[in-house]
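Undergrad: Now for the letters of each chain:
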Amino acid sequence: MNEQITTELSRRAFLGKTAGGLGSMALSYLLRQDALTKPSLPHFAPKAKRVIYMFMSGGPSQVDTFDPKPLLNRLEGKTMPASIIKNHQFAMIKTKNPIVKGSPWKFQNHGQSGIEISELFPQVSKVADELAVVRSLHTDSFNHDPAVMFLNTGDVRFGRPSLGAWTSYGLGTENANLPAYVVLVSGKNRQPLLDSYWGAGFLPTEYQGTPFRSQGEPVLYLRNPKGISSKTRRDQIDLIRSLNEKHQENVNDPEITARIKQYELAYRMQTSVPELAALTHESQAVRTAYGAELGKVSFANNCLLARRLCERGVRFVQLFEKGWDSHGNIAKEHTARSRAVDQPIAALISDLKQRGLLDETLIVWGGEFGRTPMAQGNGVGYGRDHHPHGFTMWMAGGGAKPGIVHGATDEFGYFAIKDKVHVHDLNATILHLLGLDHEHLIYKHAGRDFRLTDVHGYVVRELLG
Amino acid sequence: MKMTARMLVLLLVATALSAADKIDLAKSQKHWAFQPVKKPALPMVKNKVWVKNSIDQFILARLEKAGLQPAPPAALSDLQRRIHYALRGLLPVPNSKIGDLKSEIKIQMATPQYGERWARHWLDVVRYADSNGLDENAAHANAWRYRDYVVTSFNADKPFDQFIIEQIAGDLLSAKGEAARREQRIATGFLSLGPKVLAEPDKIKMEMDIIDEQIDTLGKALLGLTLGCARCHDHKFDPIPTADYYALAGIFKSTKTMDSLKTIAKWHEHSFATPAHKKLKEKHEALIATQKKAVNAFTAKANQQLLVELKLEKLPTNPEGKYSETNQVELAKLNSTLKRLEADVYVLPSAMGVEDGNATNLPIFVRGNHERPGEIQPRHFPRALSDGKPISDKVSGRLELAQWIANRNNPLTARVMVNRVWRWHFGRGLVGTPDNFGKLGEKPSHPELLDWLAAWFVENGWSVKKLNVLILNSATFQMSSTPNAAALKIDPTNVLMSRAPLRRMEAEPLRDSLLQIGGQLDLKVGGTIWAFENYKLVFNHTSEDATTYNSNRRAIYLPVIRNHVYDLFELFDFPDPGTVNGNRADTTIAPQSLYLMNSPLVLRTCATMAKQLLAEGKLNNTERVEWLYVKVYNRKPTANESKRAVAFVNEFCQEQQASWQALCQALLSSNEFLYLK
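So the protein sequences, as listed, match chains V and S.
Heads up: the first sequence begins at 266 in my numbering, then just goes up one per residue.
Heads up: the second sequence begins at 1452 in my numbering, then just goes up one per residue.
Simulated pairs of lysine to aspartate or glutamate, EDC-like, Cα-Cα distance not exceeding 20 Å: (1) V/Lys496 to S/Glu2102; (2) S/Lys2087 to V/Glu510; (3) V/Lys351 to S/Asp1653.
It should be emphasised that the hints constitute simulated quantities derived from the structure, not laboratory data.
Please work from the sequences and hints to get the whole structure.
TA: Here's what the structure looks like:
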């Protein structure tokens, strides 16, 4: 680590540590300054400048999407071997002898890389050569909330900063008119999404994700009330500024300047956000490619919005698509979910590539865990239960090695067995691609140094392009 | 005796553990926070005139040593604002006389709003919420009783040691009368309020997780210790071996927190149903039964009529549809009465809380895994802080634990609490990590003052009100917040307290002040405004949170929904209600500015203010500006400010109401309003 960075980090740690009130205010102020004057603070040359994280909330089934297991089809209807499931407990499966269930969807090799993908993702299959598929993920938790917290914050408990917050803390923003970390939600409402998933934890709150709403105003209270024009608002903010400058003469505190800046950002967001969120600025052809429809809440709209956010320098965009928790009726539900995401994902990858942005934009796809190779329930209405021991996620662009499959699960798609990648390893790798060393991205809180990966995590070198 | 394989395993595990149990207690006990509190002598100071009470002597001694002088006293109007904020979380009443500060403090402390303000501080510490959070976000429909208990306790200035004992073991205390008994049982809600994985399939894990949450909260909230860290391994930094953790866990295992672990699990509630309540419920149920009978009797009669009318032997399907119109109307009437009665469920009063279960000792669970039990640990208190004697097998040990924590000789309890109070006044504790007094916590900036305060607090009957009076009457509290050049250089972060801190209003005082300025604040004390069925999911996989926040009651009475906190709270650094938090953040982000620019609450407040201003027909514009400044800033404007404001109103737009409204909003959005100088 070079010396300048050491000084920079210790300055941050110092300011953070002394954060009763003034420290953290000063910190926000200085960091914002940093962010504006220096575009980034990576530990080493980054491959990715930003991230689009596609979070498939509820947990997609690995054996039905990116991890083909023909054995399951051969053994369909047979009892799952006890030697594999041992004494495992399941969230919902109650029977001691659950039944093996093959995938109803066919897998095929795609692209030059020959990556096998199921027919649930016909469009993504066409960009298979861009993907770095990790089939050997495993996590620590098998209930939604703790598992999502774990994937996003490195801990199952409340109070830790999310990956996006760490990223914006580490790298700042490239656009002073927008928040550095934006969250977009779509999909069928199943698992509630908690604010802590994109929270700043103990980091200053300015690093938390700002959810843009899909309908109405994209940001709370963005719109001026009736009768207030941009001009009169400007007059009012100028008055606030002069009141604050007067106050500043009395109190002599950097915080005042910081707040003036926040009013300015708010004011600029009033213009920048509606412009950004207006998909009317995109041609019909582009919207059709994504499957985006004006005024609709959809993953497709959010993918297009994500591209617009990236173009404008937003550091971390996290898309949550709800509805993957198929305990029953997986055939219907996974079909619906994959239809909602397949085309927009492929369109986004192609679009970014065409615009020369894919190399510097890391796309991450996956859910909080996978699903059991055994059925939950039976008949056509069967589903699959939560499964933390082996599941698939993939990356594309942003320095991830294209066209590869990394790691493997056993023949049942149950345990990750080859080149296992733990959630901490994944997070370490994502930070690495952003030019951040997960062991040195540290924040001191309550008398202790904290990292996203706690005391764990290895960068998965094989995934680096 | 023959050695069985299991015993051998146990022995091996025990040996391994005692080998691992290498925490050197004697050495670790030397940590400053584990030393007995000794009241230090007051230090010598030069500038004796400045000193108002003993606090000042400690602060000044440090400043003088650093070559600094304290900031001059704050302006009286700023001080009045500060005192009202500190004691009530509200603005001073405009034009109220600023007389003698001492009596002002006394008067404000006697208002019921004092208890609400201080209860909210405590609720941060005990992770208070009206819903469970996590996957099963079930309604804590009776948590408000605990909240009211806390408000009442602060208003009554309940000795803090007693307050602690009641919260841990109120159900086990003798009580003077039924009302006190009820209060004491409500107090144990403290142990029950935590977030729980109510759908955990592994029931032992669920129970151990709940116990872990209780130990973690208890440790951080009352002792400033991260005891939860010792669940899986000996505490890496503090002298808490895993054995001590499971000795404590045994106390909670011997306590009944849950009524049922079956998914979705249900927490225990104390019932306060009196015979009169039960009678009312029975009466209500009898009414329902009578009504049901009436419906049945009528149906039977009408059916009979139908058979006769239609000359049938058997009833047709859906006979009701073939009744005469009169009969149909009559039946509908009877049914709607029944429905209304059934919907109007008579809820017997109850409150979240714990009671004793069977006294049991737990084994160590190796690496926190209950499938790997090790040696049984007799229940006891952490050995680094006690004699480690086992607790009698006849009791759970909860009362003993409470008394041990609230004991005047416990080195942590009083220190932790006086530090919290200091933090709530100055924005930074004497120990910068109020929830962690362990090795990894910060060292105290003024160790002698901390100890002096802790000793003084105990000597003065653990009275929080007296402690507040002491602090507010100190010259330290009453300093101006303006730093001089030397202070900025030598004490840039104000750790030495060379000046008063500049602090942004917290979320609740901000909201309450807006309502207060708009004349809409409802000062009713206590009770609940949230009608939600107990245990019912506030929102689940298929529904949105329908909680609304448009009440004009004080913010402390608004529902706290875990996972989905009220947006104003969220924007202005309300703490995560799932964990202990004695150190709220204090941030400045753009969405806060948008809130002040465009939220309905702010706009409504400004509209009301402008209307009031214009209704005062006799006032000229200069007088209006003065009225406004006094109301919002608690001071008169300078001539320049007045001129600038009048000019703004004249230039802003044609419409008077809109112009004044814009000015009101600018004042409410400005730092002088949002910050306490």
